[in-house]
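Asks: Both chains are given apart, each in its own frame, so use the hints to dock them into the complex.
The primary structure of each chain is shown beneath.
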Amino acid sequence: MESVLSIKDLTKVYGKFSVLKGVTLDIPKGSIFGLVGRNGAGKTTLMRIVTGLAEPTSGSYSLSGISSTDKKILSVRRRMGSIIESPAIYRNLSAYDNVKLQYINLGMTSYDSIPELLELVDLQGTGKKKAGKFSLGMRQRLGIAVALCGNPDILILDEPINGLDPQGIIQMREILLKINHERHTTILISSHILEELSKLATHYAFIEKGEILQTLSSHDLMSKVRKASRLVVTSTELLCPLFDREGIEYKVENEETVDIFSDISATRIIALANEAGVEVVSISDNNESLEGYFMNLVAKKDGIV
Amino acid sequence: MICALRSSLFRLRRTGLLAKILIFSVIVGILLTINTGVAYYEIFPFKRPRFLDQKFIGIAVLQLMYILPFASSVFTTSFTGNDLSFRTINNKVATGLSRVQVFLADLIVSVLATIIMFLTSVLIIFLYARFYSVRSNIRFDDLVICVLLRILIVSVAFTAFFNLLQFLFSNKFFGLVIAFAFIPALIFISGFYQDKLNQPYRYKVINEETKQEEWVLNPEYVSGTPRKILVFLSETAPFTFTDSLEAKPEKITSNVAIAAGTVVAVSTAAGIAAIKKKELS
Numbered sequence: 038m039e040s041v042l043s044i045k046d047l048t049k050v051y052g053k054f055s056v057l058k059g060v061t062l063d064i065p066k067g068s069i070f071g072l073v074g075r076n077g078a079g080k081t082t083l084m085r086i087v088t089g090l091a092e093p094t095s096g097s098y099s100l101s102g103i104s105s106t107d108k109k110i111l112s113v114r115r116r117m118g119s120i121i122e123s124p125a126i127y128r129n130l131s132a133y134d135n136v137k138l139q140y141i142n143l144g145m146t147s148y149d150s151i152p153e154l155l156e157l158v159d160l161q162g163t164g165k166k167k168a169g170k171f172s173l174g175m176r177q178r179l180g181i182a183v184a185l186c187g188n189p190d191i192l193i194l195d196e197p198i199n200g201l202d203p204q205g206i207i208q209m210r211e212i213l214l215k216i217n218h219e220r221h222t223t224i225l226i227s228s229h230i231l232e233e234l235s236k237l238a239t240h241y242a243f244i245e246k247g248e249i250l251q252t253l254s255s256h257d258l259m260s261k262v263r264k265a266s267r268l269v270v271t272s273t274e275l276l277c278p279l280f281d282r283e284g285i286e287y288k289v290e291n292e293e294t295v296d297i298f299s300d301i302s303a304t305r306i307i308a309l310a311n312e313a314g315v316e317v318v319s320i321s322d323n324n325e326s327l328e329g330y331f332m333n334l335v336a337k338k339d340g341i342v
Numbered sequence: 265m266i267c268a269l270r271s272s273l274f275r276l277r278r279t280g281l282l283a284k285i286l287i288f289s290v291i292v293g294i295l296l297t298i299n300t301g302v303a304y305y306e307i308f309p310f311k312r313p314r315f316l317d318q319k320f321i322g323i324a325v326l327q328l329m330y331i332l333p334f335a336s337s338v339f340t341t342s343f344t345g346n347d348l349s350f351r352t353i354n355n356k357v358a359t360g361l362s363r364v365q366v367f368l369a370d371l372i373v374s375v376l377a378t379i380i381m382f383l384t385s386v387l388i389i390f391l392y393a394r395f396y397s398v399r400s401n402i403r404f405d406d407l408v409i410c411v412l413l414r415i416l417i418v419s420v421a422f423t424a425f426f427n428l429l430q431f432l433f434s435n436k437f438f439g440l441v442i443a444f445a446f447i448p449a450l451i452f453i454s455g456f457y458q459d460k461l462n463q464p465y466r467y468k469v470i471n472e473e474t475k476q477e478e479w480v481l482n483p484e485y486v487s488g489t490p491r492k493i494l495v496f497l498s499e500t501a502p503f504t505f506t507d508s509l510e511a512k513p514e515k516i517t518s519n520v521a522i523a524a525g526t527v528v529a530v531s532t533a534a535g536i537a538a539i540k541k542k543e544l545s
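Going down the list, the sequences are from chains F and D. Numbering of the first sequence is given in the numbering used here, commencing with residue 38 and proceeding in unit increments. Numbering of the second sequence is given in the numbering used here, commencing with residue 265 and proceeding in unit increments.
Isolated chain D, as found in the complex (with noise of 0.2 Å):
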């Protein structure tokens, strides 16, 4: 396993693919920056902000949700996808690397550059609120770190389902595809959820004979058990940041924790299923 692992590290460093996540990061870092600020916080480009806190913080890394699994899949594709349509993973193999352990390095170093990304981005935004604003308050409090950990738990889990998915099509920009049609599919499912969760359980109407205003139940609105589910859907749903974030983040964290960590045990498990049966070409 150790030679597996040493093998993709060293891939990562030299075929200049960490240098371009590290570059990648911090853009998408300094871009972050600059969009929160603007919209937020009215700061203009080179204009130092005149208070910056921990609310900057979790506003400018909350956006980062967005941007890590796409990130993330193209660096799968890169990686992962590469020793597949090299057909270098036969290397591996041929000198007597078993598959689980080819599968697992590349898997272990995809989420170590989710990880990176994640970080160095984080990074320069944390840099940005402390350093450059005239008079900065960061704190990392615990609806911040939740929202670091969120981000962070759901991003490993999109990277090993997408190096799932490179193990499981022969063409890496299949994998490639699906991952991006899957992302935006994700976010609107969340924005359904919320959908029907924000449906009011009442509303008014003005009954067409005594033309008066009247209180009628709403159709839509989902009680009861389904209401529950959709709540626990909502609240692990990748894309979903509700305001019950705000009001129980440990609960959230968690229960988002709990679905993440399944799909990376399923993805890893199926992953190793396919590589064992997998006929290398």
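If we strip away everything but chain F, and leave its shape as in the complex, we get (with noise of 0.2 Å):
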């Protein structure tokens, strides 16, 4: 799958403390891609780094194909829209004036996009109310639109649901979402509130004390971290093939233990095993947490588990 941001051995060092070690990540086109972990972990360092806000000590990353070492970097920069910790806007100007300053600092000579812009992030009707009067919702959904300007290939946003009240987190959502399917708009995301990132993004990388512990789709995360019952059997060799007359979703763990997934009922599922010949030994709840699972990632890399 082509990248629009491409990571690769990226380190930061303060003094004797490293930020991140080594982080190499590919950002798919198209994705809303969500970096997940916990407060310190090096997320919000990457972004700047990939934002040019910040040099990075050792590796390198290219945007659209550009090496952070080229200096054509400054002019693809113009196609990246980010917002870093809290929105950056101009607390003394409007948000037509926000806007319109954005689009002047890229160069852009024709402001007539703005007020659809402006639409986008129910952002219409605020006038010359100065952005220092808006609530931290309408902030964050003028610092989106600040960041939209030149209509980019891809935003960087960081924590960018943070401090907002529930529907102004809904509303974010489906900005976000309006965004990456209209707009075809890439999306790298950091959040440590997992199950809003759940309903966002279709990629995520789990990192931890600067180092990246996973990548994975959604949908593999989701087969990971779903519902499910899980069967001790003494064959399941056996079993499997009953499964899939049945249409039944299920995953293997070793030869005598099967995770399912679809809705079944104990009862059908003794049945199936009488069916098949094989003894049941115990059927018990195996569900996990997307917190839970990043919190075992982080446990395993600790040496906890």
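Because the hints were derived from the structure by calculation, they are not lab data. Check the hints yourself; a few may be wrong.
As the list claims (entries may be wrong) - Pair ranges (Cβ atoms, derived):
| no. | chain 1 | residue 1 | chain 2 | residue 2 | range |
| --- | --- | --- | --- | --- | --- |
| 1 | D | 446 | F | 328 | 30 to 40 Å |
| 2 | D | 438 | F | 75 | 25 to 35 Å |
| 3 | F | 145 | D | 438 | 31 to 41 Å |
| 4 | D | 483 | F | 94 | 28 to 38 Å |
Unchecked claim - Rough simulated footprint, nothing fancy, chain D against chain F, three-plus residues with beta-carbon under 8 Å:
| no. | region |
| --- | --- |
| 5 | 117-124 |
| 6 | 134-147 |
| 7 | 152-160 |
Stated by the list, open to error - With the Cβ distance kept under 10 Å, some of the chain F side facing chain D (calculated, not the full set):
| no. | residue |
| --- | --- |
| 8 | 91 |
| 9 | 129 |
| 10 | 184 |
This one's a predicted model, so the numbers in the text were calculated from it and none came from an experiment. Beta carbons are placed, not taken as given, at the ideal position from N, Cα and C, and that holds for glycine.
Replies: Have a look at this one:
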């Protein structure tokens, strides 16, 4: 799959402290890429480097195929929008003027599309009201509008739902999905609110202490964390053909253990096991939350599990 | 560079800062005119002065020297400081404008604002002297032009330095506090130079034994090369206006221009180095 942003062996060291340790990532075009990690894991530093706000200690990245070491990177950055930590907006300017200013920064001379952009983030009626008088949600949405100026190929958003109320979170989610679906903008988004991220992301990378623990697609992640009944039997080999026949979704863990994802009663499972001539040892719930999955990853890294 | 400059100029206009500095400059011009009239010409407000000449302009304008640096420090805090404290500089850098371009654009607009404040205030003073007095003989002779140039050059140097302070410190008010402490310190230094130079070569004392007056050399008097250095420092110090300015205005103004140019060059170079290395938050 074509990558909009490729990061290779990126490290960042402050004094004796390594914030990023050889991070390598590929952000597929058109994806919503969730960067998951605890506070201090290195998410913001990674995003600050990619947006040019900080320099890496070593390693490189490429935007739309142009390497960070190439002088052309400055012009390629025009195809990127970002919000790092909190929206960077002039509080003494209106929403319209904030967006217009970013148009000027980008060298754009036509401002006809500004009303459309403000409508996209639901700020069309704010008139001359200064951004300093906006609510946090409005400021976040204005930040998104500023980041979207020039219709970028990739949007980099660092914790965009932090501090928002539930309504603001829903509104933000809908805006991001709309941007991704209608404008085909690739979004790299970091958050530690995993449940919310799971409603958006198509791909994930888990980061801890400056290292990428795992990257996987949403489909792969969901199959790992969704509701399952864990069945322990004497032989999965004999039982699985019956599951296939019945259209039951399952995943074999080992010769004796299988996770069943379909909504099926225990009586039906036992009946199928009897038909296959297999003895059922136990049936139990095997539900793992996104948070649980992430914490397990972290624990494995730390050698706790 | 054009984009960065257009962006800074747009901000100057749309944030209302341009209107604010214009209003401020008009008020300053009026107040300086009234103050000069009352203090030096015994003209009372609302009473038309009988005669005004370029000396009036010179005296009124001289007082600008003490106001413009303070105004400039407040402006750079509101303009450049906001760009950093609102983190809007990030938007510029992230969209591919180089850091140097961003720094220079803010510096140029800050200098432009200082020039606008200077010209507006001078214009108000000039208009008052020219049209409000019963009779006027306004000529911009060499001395007045040198005073005007000196104030403008020094104010631009201050602006460049204050702009640098904003890029050096993460808290914009820290830069403002330093600027506000720096200006009185320079005024004090200028006074110190003057004090040293004004020391008499010798003075009279009464001899305790003879009860006669006699001349003794003043140990505080600075002579030789140290005096030459002191004279140079005094003449180039921003807040020193000595009699020698009247005697050799062009020479002193060119010395001040060299000193101010050095301040601008060093401040710009240091600012560019700082912004290049700065980790933007």
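Asks: Run every hint past the structure and note whether it holds.
Replies: Hints and how they fare:
A hinted range of 30 to 40 Å for the beta carbons of residue 446 of chain D and residue 328 of chain F is inconsistent with their spacing of about 53 Å. Evaluation of the 25 to 35 Å hint for residue 438 of chain D and residue 75 of chain F yields a pass: the beta carbon distance comes to about 32 Å. Range check, residue 145 of chain F to residue 438 of chain D: Cβ separation about 35 Å, and the 31 to 41 Å hint holds. A hinted range of 28 to 38 Å for the beta carbons of residue 483 of chain D and residue 94 of chain F is inconsistent with their spacing of about 60 Å.
Requiring three or more residues with a Cβ within less than 8 Å of a Cβ of chain D, the coverage given for the region 117-124 of chain F holds, as 6 such residues are present. As drawn, the region 134-147 of chain F meets chain D at 8 residues by the rule of a beta-carbon pair under 8 Å; at three or more, the given contact holds. Taking a C-beta to C-beta cut-off of 8 Å, the region 152-160 of chain F contributes 0 residues in contact with chain D, too few for the three needed, and the coverage statement is violated. A least Cβ separation of about 5 Å between residue 91 of chain F and chain D falls short of the 10 Å threshold, and the interface hint therefore holds.
With a least beta-carbon distance of about 5 Å to chain D, the hint placing residue 129 of chain F at the interface is held under the 10 Å criterion. Evaluation of the residue 184 of chain F hint against chain D yields a held restraint, the C-beta minimum of about 8 Å falling below 10 Å.
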